[in-house]
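A.B. asks: If you want the building blocks of each chain, they are given just below.
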Amino acid sequence: MVWRIVCIFFVWIPIAAFGQEKIEREYRVKEKEAPREAREWLNDAFEGRKRVKWFREETSGKSSYEAKFNWEEADYSVEFDLSGKVEDIEIQKNWEDLLDSLRENLQAYFDENYRKWRIEKIQLQFSGSPDDLEDLIDEDEMEGILSRYEIEYYGEGDDGKNLWEGTFDKDGHLIDKRVIIIPPADNLFF
Amino acid sequence: MIRIVWIILLALPMELMGQGRITNFGLFPEFQLGFSAAENLKITGKIESQLGMVDKVAHEQADWRYYHNQTDFQGFIGKSLNPFVAITGGYQYRLESGSDNSHRAIQQISFLQRKGTYQMAHRFRTDQTFAPDDPIEYRFRYQVSIEIPLEGQSLDPGEFYLVVSDEPIYSLQSGESGLENRLVAALGHLSKGKQKFQAGIDYRTDRFFDAAFRQRTWFKFGWYLSL
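As you go down the protein sequences, you meet chains A and B in turn.
Each residue of the first sequence is one higher than the one before, starting from 1 at the first, in my numbering.
Each residue of the second sequence is one higher than the one before, starting from 1001 at the first, in my numbering.
No lab work stands behind these hints: they were computed from the structure.
Be aware that one or more of the hints could be misleading.
List time: in silico SDA-like cross-link candidates among lysine to any residue, alpha-carbon distance up to 20 Å [to be verified]: (1) B:1194 to A:182; (2) B:1079 to A:30; (3) A:30 to B:1158; (4) A:161 to B:1111; (5) A:116 to A:178.
Because the structure is a prediction, the values reported are computed rather than measured.
When you get a sec, could you build the whole thing from the sequences and use the hints?
C.D. replies: Encoded structure:
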């Protein structure tokens, strides 16, 4: 009888656990596995860049490729769909790099909504057609480009103490936000 | 990459067996289950067992035999102060071969740091061990761990990771103090459903200032489940 209970327990736990989670995954792939169109677009837009790390991303049923590299002393991340069409470009920024007006708007939002807050990561995101994005990189041409900020931050407010990912417009006004779930780390603490 | 990590982990105990004054090697399985009891309140239960396979004293023949060394049953209740900091209290009951079973009270505070492509964890722990006919043993422990994803820039379900930790332990019993160090290197897998599987080497050294310097090496493998 005891063994039956133990067996049921061990069989039931993995089944119950498997049913709960939305799968989000990012993993490294070789350069040749990335679509040719994506590799060619990257070569045209970012001439003279150094080594590129390619990743495949699977988020909520959507798959994409991502190229990460350093260019002109900044960390870039360029996302492509499965056919190799560029979707957006993200550039990592420091708080000090932002314009004063943008910083003031962001600070006003955080001060208003959180008792305590701390910025963890800032990414400037550009989206638009492949040609417009290439012109942006080659010629600093902003026509047809939508720019936004993706900011990872810790905030203590009325909705608890959480790590958030907020999307802000180019002036620093919130568009949307979601709680970032940190993967379990119990193996490190017990 | 994963093959290289395995070769290093499995070759390490053989290298260590050749050194030191008192050495042993064995298996160290563990199972851990954690779940939220209320908002910011987490219950964790753990069972771990040390099963010895070989003991060796310097200049003597290795003594190969299977034996049960000890089994620990642990329960913890922890409160998250925020997503990165938790305070926890716990209790352990130890079944020990050749000695009296013991009770242990545990207190800890833990910190998690996200560092871009890896995460670092700090654990400060105090514990007090109560065993019949023995004075209370007090210990202070600090553990630092690094968890590095092997297949991307963040650890996602379905991916492997490497975890390395070190923990110096200071103990005090009847005015006598001791020092122990625990170094762990393991390969892990984060599976669907918030469960991790880990296997690696747990290398413990103590009695540093003693004639009988001791090193204990365990092949540690575990299943860590969060519900």
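A.B. asks: None of the hints should be skipped; say for each whether it holds.
C.D. replies: Hints, one by one, checked against the model:
no. : hint            : verdict
1   : B:1194 to A:182 : holds, 11 Å
2   : B:1079 to A:30  : violated, 43 Å
3   : A:30 to B:1158  : holds, 18 Å
4   : A:161 to B:1111 : holds, 15 Å
5   : A:116 to A:178  : holds, 18 Å
The structure fails hint 2 only (numbered hints given earlier).
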